[in-house]
Amino acid sequence: MIFSHAFIIFASYAAFALALLTGILFLAQESRLKRKDPTLLASGAVPLELLDRINLYAVVAGFILFSIGMVAGSRLARLEWGSYFNADPKELWSLVTWGAYATVLGLRLTRGLRGRRVVFLSVMSFALLAFTFLGVNYFTGTRHAFIG
Amino acid sequence: MTEIAVLGLNHRSAPVELRERVAFQEGKLSTALSAVREELKLPECVILSTCNRVELYTVIPERNGHEAKLKNFLTRFHRLEPESLDSGFYWHLQPDSVRHLFRVAAGLDSMVVGESEILGQVRDAYTQAVSHGSVGSVFHRLFQTAIRAGKEARSRTRIGQGAVSVSSVGVELARRIFRDLSSKTILVLGAGQIAKSTLACLKAQGIKKILVANRTQEAAGPLAESVGGQVVPFADLEASVTQADIVICSTSADHYLLTRPQIQSIMSARRQRPLFLIDLSVPRNLDPRIGQLENVYLYDIDDLEATTSSNLQMRLSEMEACSEIVEREMNGFLNRLNGNGSARTPARA
Chain B
83 MIFSHAFIIF ASYAAFALAL LTGILFLAQE SRLKRKDPTL LASGAVPLEL LDRINLYAVV
143 AGFILFSIGM VAGSRLARLE WGSYFNADPK ELWSLVTWGA YATVLGLRLT RGLRGRRVVF
203 LSVMSFALLA FTFLGVNYFT GTRHAFIG
Chain S
-17 MTEIAVLGLN HRSAPVELRE RVAFQEGKLS TALSAVREEL KLPECVILST CNRVELYTVI
43 PERNGHEAKL KNFLTRFHRL EPESLDSGFY WHLQPDSVRH LFRVAAGLDS MVVGESEILG
103 QVRDAYTQAV SHGSVGSVFH RLFQTAIRAG KEARSRTRIG QGAVSVSSVG VELARRIFRD
163 LSSKTILVLG AGQIAKSTLA CLKAQGIKKI LVANRTQEAA GPLAESVGGQ VVPFADLEAS
223 VTQADIVICS TSADHYLLTR PQIQSIMSAR RQRPLFLIDL SVPRNLDPRI GQLENVYLYD
283 IDDLEATTSS NLQMRLSEME ACSEIVEREM NGFLNRLNGN GSARTPARA
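Sequence order for the protein chains is B and S.
The working numbering runs 82 ahead of the 1-based position in the first sequence.
Every letter in the second sequence is one number past the one before it in the working numbering, and letter 258, counting from 1, is 240.
Isolated chain B, as found in the complex (with noise of 0.2 Å):
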């Protein structure tokens, strides 16, 4: 069950990592647009409109994966320190991660956002993701000790 839980996290962590670089490049590309850039042609690039739908799916695709993971991650915690919610540091880290991208989706799907505020919202998500992921390990007494 442990395999699962990592896997399915790890997964998630990846179409969030996919959801970081769109949302870098989009935001790259957006602000010379906005600049107009007179170099800005000189250079291939994405068009905005696929890098936000890249952002967008990937952030669905991660929170769904990432939802997952903390429902088996639950279970196990209950098999093996008894309870589902222990108040472990990774646990606490990751429900804010979890509240992150549940804003980032709820203003795209609920109030049709897009752009550079809500692709920005993506990549700050993902540094609470990075913190999740390595910072409480290093800064907090975690269980979760497996992971660095």
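Calculated directly from the structure, the hints in this document are not laboratory data.
Please read these numbers as outputs of a predicted model, since none were measured by experiment.
Cβ coordinates follow ideal geometry from the N, Cα and C atoms, glycine included.
A short, non-exhaustive set of chain S residues, derived as facing chain B with CB atoms under 10 Å:
#: 1; residue: Asp162
#: 2; residue: Arg255
#: 3; residue: Pro256
#: 4; residue: Asn277
#: 5; residue: Ala288
#: 6; residue: Ser292
#: 7; residue: Met296
Based on these hints, arrange chain S on the given structure of chain B.
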């Protein structure tokens, strides 16, 4: 000993009035090729005739006398007065004739440096001469090498990159914003000449839905008809912009036709779908503050011209690298040709 020669005129050497009189219409090209072969007894000839240049590439048996013979042929063929060809022409012999063709194929001799159309025109001229039996072993190798060098120059340098006209910059910017232009809607306000050419460029990308709005129905109707578009009421501009993805504005109005608050409410109605506005009017017809809104991209004529100028500078900066490729390929060609004894040794590298 045979020699590759070129007699020609181009946008730098001759005015358009002379170029158009000397140009070969497509239907008359085969007659001209036959005439060169039979009347002048020149077995190899390729005629490159475009709006910016008319050039006769020939293999001549000796250096003297052929410039005058070819000019006489042109005066007879086009029924011109002999003195009208006294100026505006250039006559190059080896290796300058070979260098000239290689530079033409690479776009180094074009009015817009690096433009790609010329390479296709050189290929067409060669193909036409081949099908007419006016190409022998020398010109097969010459033109095939020149075309290959032209391709290489473009692929290994940035000589052909970056849009260099206002219309094509508009299209390229749209391609940086939208994924699939063919599914987008264009709204054209006014009917200025640059707006028409920008619209034509965008339409060439497959855009099917075109809306045309003008203060007068008389002006909107013909433009809409010519591009397969639909006339929409000028009074209901906000509804039209809500539908559109790209707006080209080119009217003579002396005030802003669209303001920031208007576009702000339009963006809410269109659920923040990206909107690309091209304001070609002077004075500007779109409030510049519109460009501050999220998912809205506003370019005026100065912005577009700054991009064309930057791209042209980039192309010019690539000319040296491109010329090196041309020289290398040309020297390779002349060495191979000389090795086979078909034509003269190059006078200089």
